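Now for the letters of each chain:
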Amino acid sequence: MPQRQLESGMMFNGEGRKEAMKKGRIKVMLGNEACVEAALLAGCRFYGGYPITPATEILEIMSRRLPLVDGLCLQMEDEIAALVAVVGASWGGTKAMTATSGPGFCLMQEAIGLAVAVEAPCVIVNVMRGGPASGQSTSTAQGDLYQARYGSNGDYSLIVLCPSTAQEMFDHTIKAFNLSERFRIPVIILSDEVVGHIREKVFIPDADQLTFVERKVPTVPREEFVIFKPEENGVPLMPTFNTGYKSPVISQAKSLNGNRGNAKEAVENIHRLVSKIEDHMDEFAEVQVYGDDKAETAFVTFGSVCRAARSAVDMGKEKGLAIRSVEVKTVWPFPDDLVRRALAGAKRIVVAEMNLGMIQREIERVIRQPEIKIELFSKIGGIYPQPQEFLRFLEEKR
Amino acid sequence: MPQRQLESGMMFNGEGRKEAMKKGRIKVMLGNEACVEAALLAGCRFYGGYPITPATEILEIMSRRLPLVDGLCLQMEDEIAALVAVVGASWGGTKAMTATSGPGFCLMQEAIGLAVAVEAPCVIVNVMRGGPASGQSTSTAQGDLYQARYGSNGDYSLIVLCPSTAQEMFDHTIKAFNLSERFRIPVIILSDEVVGHIREKVFIPDADQLTFVERKVPTVPREEFVIFKPEENGVPLMPTFNTGYKSPVISQAKSLNGNRGNAKEAVENIHRLVSKIEDHMDEFAEVQVYGDDKAETAFVTFGSVCRAARSAVDMGKEKGLAIRSVEVKTVWPFPDDLVRRALAGAKRIVVAEMNLGMIQREIERVIRQPEIKIELFSKIGGIYPQPQEFLRFLEEKR
Amino acid sequence: MKNAEKIEIDRRYCKGCMLCKYICPCDVFEPGQTRSDLDYLMPQPIRIENCRVCGLCESNCPDMVLTVFAKEKRKENQ
Amino acid sequence: MKNAEKIEIDRRYCKGCMLCKYICPCDVFEPGQTRSDLDYLMPQPIRIENCRVCGLCESNCPDMVLTVFAKEKRKENQ
Amino acid sequence: MRKEIIFCGFGGQGIILMGVIIARMMEHFPDLQVTQAQSYGPASRGGACRTDVVISDQQINYPKSSRPDLMVFMSEEAVKRLLSEADPTRTLIVYDNTLIGAIPAPYTKTFAVPATKQAEEEFKNRMVANIFMLGAVIELINPGSFDVLKKIVGSSVPKKFEELNIKALEAGYEYYRTHKPA
Amino acid sequence: MRKEIIFCGFGGQGIILMGVIIARMMEHFPDLQVTQAQSYGPASRGGACRTDVVISDQQINYPKSSRPDLMVFMSEEAVKRLLSEADPTRTLIVYDNTLIGAIPAPYTKTFAVPATKQAEEEFKNRMVANIFMLGAVIELINPGSFDVLKKIVGSSVPKKFEELNIKALEAGYEYYRTHKPA
Amino acid sequence: MNPLGEKYLRKEFLPFLFCPGCGDGMIVQAFLQAVDDLGCIDDLALTAGIGCSAWIGVYMNVDILKVLHGRAIPAAIGLKATQPSRKVVTFTGDGDCLAIGGNHLLHAARRNIDMTVVMVNNQIYAMTGGQVAPSTVVGSKTQTTPYGNIEKQLDGCKIALAAGATMVSRWSTAHLKPLIKTFKNALNHKGFSYIEIMSQCPVQTGRYLLGSGSPQFNLQWLKDHCVKEEDPSRWLEVESQGKIPVGDFLRIEQPEFMEEVQRMNQRVKEEQGKGGDR
Amino acid sequence: MNPLGEKYLRKEFLPFLFCPGCGDGMIVQAFLQAVDDLGCIDDLALTAGIGCSAWIGVYMNVDILKVLHGRAIPAAIGLKATQPSRKVVTFTGDGDCLAIGGNHLLHAARRNIDMTVVMVNNQIYAMTGGQVAPSTVVGSKTQTTPYGNIEKQLDGCKIALAAGATMVSRWSTAHLKPLIKTFKNALNHKGFSYIEIMSQCPVQTGRYLLGSGSPQFNLQWLKDHCVKEEDPSRWLEVESQGKIPVGDFLRIEQPEFMEEVQRMNQRVKEEQGKGGDR
Ligand SMILES: Cc1ncc(C[n+]2csc(CCOP(=O)(O)OP(=O)(O)O)c2C)c(N)n1
Ligand SMILES: Cc1ncc(C[n+]2csc(CCOP(=O)(O)OP(=O)(O)O)c2C)c(N)n1
Ligand code: SF4
Ligand code: SF4
Ligand code: SF4
Ligand code: SF4
Ligand code: SF4
Ligand code: SF4
Ligand SMILES: [Mg+2]
Ligand SMILES: [Mg+2]
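Protein chains in written order, with our numbering: chain A, 419 to 816; chain B, 419 to 816; chain C, 5 to 82; chain D, 5 to 82; chain E, 165 to 346; chain F, 165 to 346; chain G, 641 to 918; chain H, 641 to 918.
Bound conformation, chain A alone:
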């Protein structure tokens, strides 16, 4: 599944810029708008949502655009209904998505587990804002990182992507739909207010430049089909409704034929729900390094903070300071190996995030060298860090 490269702005600076531009459009758009554009291009035809700052524009633009392509955008009575309707639409055979922010994301947690359990491909965008609780609706934050992975009950796994530019909102949305169909899982785009509300140029390729993944459906006669028996890639074929398979789909632990009651098969199934993703991380896991990839000083960042860190790296370079910035694009499942590789040789690791230390814990876990302290450069309360502050941190905490 070839994916467009994720680096923001690539299309504008790279070699084949003019060539590429011929085959698409460049528009100044909101990060949230880029997300909608990509979703529609990827084939999303159902959106179930509920307004919440700073994700509301996704709903608003969807409500404008979907009718034009014979899709349906439903503003539901709450976020629970929104995501459950998305799961219904997914089993109805449609690519479907929703978007929200912290408080609504809380309400979606049970249905995220549902989507995992019934293996319904769908995309969920969380444009993060300040927490806890109602927090600061118009301010940016990255405090939902663990919630995105662990907010629902029980053992499960899913994929979480963190865009840092409007272009990545576009690219990650395409990728999210593809991964959700490939693995039959909910894929979460964990964006934040800065990325959702930034306006910048986005390159929208023509559809024929992109690869779209569609769910695999059964073709064998109904009697021979076993609904939750995985194919080689760990994922069962999806007998969406109205295809004649008369599928029994329950949210409980289940055996291969979809019935409750067989403990052994139920255990295997839970294991499979996790391993179908985690055994195939090489298909999607992504970590980028900006700056000097041999530098002893390394930032670790994700989401919008990547941008400020890049500027800090550039400023550092001007001052003769070698820095690398390790950008975790697919934050879950956490790409242990890629991160370890990207940090190889680093002597000083500063995790920069807009929360009180989350990716930091993962780095502590992954970099098991007691001599390396994993420092935290943390900004909360909606304050987006300035590049200068990164450098000041390096100096002051020395």
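Calculated directly from the structure, the hints in this document are not laboratory data.
Nothing here was measured: the structure is a model prediction, and the numbers come from that model.
Accuracy of the hints is not assured; some may be wrong.
[As the list claims (entries may be wrong)] Keeping only pairs whose Cα atoms sit at most 35 angstroms apart, straight-line, the calculated DSBU-like set for lysine-lysine is:
#1 K323(F) - K445(A)
#2 K735(A) - K791(A)
#3 K791(B) - K712(B)
#4 K25(D) - K863(H)
#5 K324(E) - K914(G)
#6 K647(B) - K791(A)
#7 K737(B) - K441(B)
#8 K791(B) - K735(B)
#9 K323(E) - K441(B)
#10 K868(G) - K6(C)
#11 K25(D) - K883(H)
#12 K815(B) - K791(A)
#13 K883(H) - K909(G)
#14 K244(F) - K344(F)
#15 K647(G) - K817(G)
#16 K798(H) - K817(H)
#17 K244(E) - K651(G)
#18 K735(A) - K712(A)
#19 K863(H) - K798(G)
#20 K273(E) - K737(B)
#21 K798(G) - K909(G)
With the hints as your guide, set chains B, C, D, E, F, G and H with the ligands onto chain A.
For chains B, C, D, E, F, G and H with the ligands alone, coordinates are given in the frame of chain A:
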């Protein structure tokens, strides 16, 4: 705040057994029942709940018992309403609690953030069952460990206790109420089906044998009182409703006087919400070691799995195998130092849990010695591990 | 008036609830001594000659395990 | 009939919505040139002599910044 | 001393209650510890159902049975699934022979009690089969006491069924005394 | 080349829209990158409101202003909070002198535009103050183009207000031409 | 298995998990009878929540999505939205539909989306072992109202009517014939239909509320307590006698949601073609 | 600050965050007038959800707990349960109360718990910038119904009535006098009261739905469209003319929940004393 020791059964084997028994009662009861007994003793007078296996007995017994002490047990329309009502009752000046299991715990996440943000003391019991989603309602599991810490949006902290016996259901409930009042936070008792549904002897001390913490209330004149200004211990006095303080309590980020809008004070307040707990972990963090505390082989366990591990330690001893079992009683904030100390000198660490590896990640983070592999002995699907299996694991994975 | 040829109860799934006995206007059933595969005592259509093939027992059986075969019908089919 | 002594508008919080002008049955207000602390153009009770102290402007002011002082009242109080 | 007892059957038979009653009996033995654990499906709708009772003079850590002293079977299904947990030489197997044909070799330490049949015939209520069975096994549960058991049974069932249950209990006890295994 | 522009005022003035319009103008400059970011309170109810526009011929990483070239102030409050971000020697400060008394020392590179007053008096609608202001600053935004701006303003407001806004824009532009700073 | 069962049940899922004599099984059969009469088995798509009654549809050999407690209705909406030609039916219980899921009922009804909600009212939370439900009569002793329920009942039919449902009926398992007819009407109704079925739960409602666990007793209780009264203005009288009004209460035609959506999409695309308003 | 404001507002929280000419501020004043008339300021405890209207109570100098979107009612129940002597009032919006919070309204109403829900109906989600609400009229163009709303409205008064509220009224900000009277009745009503207030939101509803952002225009719109009609049987007629019926619709006495609780507790303790039933 002296607490009764947490070790299960102590009262029956220890020296002062007869003495102690004079001052209390011993009854065979369900873990869930022991929780109710303790809550009532601790002064809980409001329960807002919703039925769900395997936590329902807590609601049922509360509905029977609370009217007898002029309390109120309300079966609400859902778990969201249940916890929000508890928060309301807490600000009404009452000790209040709720209990649920996985799916209901999902629905409570937003209101957990609320309780954190408005600093409403309360106790939330999650009697874990199999997940994900509806999972296996009558089976045990420990898959909600991270959810209990990170299930709500934004940066926050809270305390999570993991009982392993009916006696600990009692003891932890007393402790939970005390900690919730001390820190003005929701305290979560993360139990599981085995512990909730076990029946065994529980020693119920007389009230005068126990210490009960009550929330500190303001006494200064209203004009001098600043609602979210912390005392020395990091916690503001609580001007519960109807005490004349006319308190403005909002779920948004806020300044000291309770109003929105002052970004600097809002940031400080979020920091304080976390540090008021994490700076005082010595008051409550608890890790126990069972068996040979110098043994090179160590289990790490929590909740009901502690019991099976203890039997395994005993069986190992019979076979000449020295093992220690490190029991994490307060799983959040994770007691890094205590765990490190309890594992000092261990060469082989096996984390045993009924999930696909959660405490394991914490141990990997805390024990940063690359030469020690943190092994996982995992049981899921409602299968409670047998002591023999622990020993078999040690042999086979050698 | 119709008559029943045979009343069949599927022993794999009968739960012995006796709603068939309760609903039958013609007093056809009595509790029997045979156990279904689910360990319940099954009813017996001991007065089958009373049966008027009203179908109530069949449509009221909560486990859909009871079938009334009408005599006439069979003849028609032959 | 009552008369107004004075009509006060709290310049700290007036938002210039002109609902006072809209609601007044006696056409007392006109938009003025003074700005409130919130940067809005405040109304002016330029025809205060028309005022019958009906209180509508006061009770309809969404920011509770408008006060009508009645003449009689003052006298009574003296 | 550690005694392990397993009661098993299907949902709706009151299997769990049997374990609960035995556990509660231990309130009257101050020097003993007890645990009662269970696994079951929802409500009274069939499906496997099981409770483990462990009695010991020591603190009980592992609360489930690993080497049962006594197993009481109340359904064929339970025999199929759980008989292998029995130890042919150690475990005494009691079974409701209304519902269970026979206990296969090599298990020879057995005692058949027609609890369901007696409940249906003698008491016109199959719901008391479990209590009948309890009466029939109490002497096999050691430590235990019929008198304490009777008290606890009385306080464990709805008032209006108290008499019926006590009668069933006594009948079970009587059955034991007249049919007890050698 | 990196140009940084800040528009600031309070909610309800259409501050964000000013940034959006400038950003969208850049669609017509294929070789330039642009970012527009914002921070604001809800709806039109006062409170600080600000948008940063960055224009560059390079990829733009940090999307906020750190050394603004141009700052446009539309409220006293904004001056209080944000003036310190200006560089006395570098930043050109444009302000709505209907709402703002004066820009204090050491900031001397200033240009006063009575946008709100003109909107209220000339167009009987203070809602167009922002567009008036845009007209008055477009020549100071370089690269920029009044013609493109006009097109974008037209397509950024509800149809029935299109004419009004275009007029305000032109009036602002006219104001600039007649009052432009030396 | 009777012939209807042979024809329509998902054999490998048998037996039903329902207790002996439970009304839920009777509803399986009645519904399949209606489907058989209409010959529409291939047009069905079902959803369900959590609870005993939520399993009703699972045994039918059709597409079914069984989701979370209380969330069957939004799942149905998602399905209907993407498969407008389907007859979408939701099976739900009184707890599922009126307690945790009450809000979804309101909003599906007001949208008049073409689907049928079959609400099985056994006056209790059965699956979890007999706790009070919004439909439990005042005074009842349940596992969570040991001293008698003091909360007024919520009447699902009244709520559905107030919210804008275009078809509302209530019957009981003692009224299988009219129930089957109502099922057929609902399956053919263009719009939101709400069908409540008073159903026996001998094990919880019977044993603890009504005083007998006998299926016969419980079915008889329904026969005795459900009286046909289709005129809402007379419900108060019926209710004051401790009876439950049953019947077909409403069946009207109003614009259906999915048709409105399609009309809108059509219109919008046409306008777009003409370069209509932004 | 006018004298009422001087007396009752939380000065350090001023100014109101409401836009110029917003009805929410008028409601602050009307409510405080009622409270002043009754002299019950010290008996109040307020709760609120999220939305513009949810801030109404925050400016009053009384105990207030402002919780999550849609959850003001359960918070009020928890408060009332522990402070039965308090007059508990909830301020909520049409989105807060009828969309995400609809279920809590049903259940508080059926319990007839002694509290007052003040629902501010501005026919839109104002705080988030003008999305469709369950109260938005069919055909309206909002930020999320750019081609016109196709969903029927949910009428909060009808829902409250169907669910069992014992006092139900609707007024508008163009009806301050009767509104104040209704506030007073509600504050003295023993049981669940639901008061809906049609209120102007010039910025969202006005600008995008009604065609003018002028506060005057919007208040006039309410004056023109809200007509007094207290007989439910005539609502359909009123509504078919595009008008909104206002008035005091219901006010009856029924057993109040907290009193029932206290009666129950009393009874149970007495029975317990006598060794009553287990
Ligand atoms: C979020 C959540 N809360 C609680 C439960 C537990 N639960 C399962 S079924 C049920 C009640 C079912 O009652 P009802 O809907 O009336 O169905 P019945 O079993 O009576 O048919 C509850 C509370 C759950 N599964 N999920
Ligand atoms: C769980 C959740 N979802 C969404 C939001 C975002 N939100 C805040 S206010 C609001 C709508 C408010 O509308 P309404 O209740 O009508 O109040 P109004 O602002 O119109 O007075 C929404 C959707 C939120 N805060 N929490
Ligand atoms: S009704 Fe059906 S299940 Fe019940 S006893 Fe008769 S045949 Fe058996
Ligand atoms: S068909 Fe009718 S008469 Fe015959 S056995 Fe069945 S119920 Fe009785
Ligand atoms: S009504 Fe009040 S806020 Fe509005 S203009 Fe008049 S005085 Fe100012
Ligand atoms: S009191 Fe009445 S008459 Fe006087 S200014 Fe106010 S509204 Fe006009
Ligand atoms: S508990 Fe009640 S509703 Fe559930 S299956 Fe049994 S009888 Fe039916
Ligand atoms: S957006 Fe509307 S409801 Fe909100 S404060 Fe402004 S005018 Fe009032
Ligand atoms: Mg029910
Ligand atoms: Mg609103």
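- Quickly compare the C-alpha distance for K798(H) and K817(H) to 35 angstroms and report which way the hint goes. 23 angstroms, holds
- Does the structure keep K25(D) and K863(H) at a Cα separation of 35 angstroms or less? 16 angstroms, holds
- Take the C-alpha atoms of K324(E) and K914(G), compute the straight-line distance between them, and say whether it is at most 35 angstroms. Violated: K324(E) and K914(G) sit about 79 angstroms apart, past 35 angstroms.
- Query: Between K735(A) and K712(A), does the CA-CA distance stay at or below 35 angstroms?
  - Reply: 13 angstroms, holds
- Does K323(E) pair with K441(B) here, judged by a C-alpha cut-off of 35 angstroms? Holds, because 32 angstroms separates the two Cα atoms, which is no more than 35 angstroms.
- Does K791(B) pair with K735(B) here, judged by a C-alpha cut-off of 35 angstroms? 23 angstroms, holds
- Message: Need the status of pair K273(E), K737(B): alpha-carbon distance at most 35 angstroms?
- Response: Holds, at roughly 30 angstroms.
- Distance restraint between K25(D) and K883(H), which requires alpha-carbon spacing of 35 angstroms or less: Holds: K25(D) and K883(H) sit about 26 angstroms apart, inside 35 angstroms.
- Query: Given the hint that K647(B) pairs with K791(A), does the C-alpha gap stay at or below 35 angstroms?
  - Reply: With a Cα-Cα distance of about 34 angstroms, the restraint between K647(B) and K791(A) holds, given a limit of 35 angstroms.
- Query: Is the straight-line distance between the alpha-carbon of K323(F) and that of K445(A) 35 angstroms or less?
  - Reply: The hint holds at about 22 angstroms.
- 35 angstroms Cα cutoff - pair K244(F), K344(F): Roughly 25 angstroms between the alpha carbons, so the hint for K244(F) and K344(F) holds.
- Message: For a C-alpha distance cap of 35 angstroms, please report whether K863(H) and K798(G) respect it.
- Response: Holds, because 31 angstroms separates the two Cα atoms, which is no more than 35 angstroms.
Consistency with the previously given hints fails for numbers 5, 7 and 21, ordered from lowest to highest.
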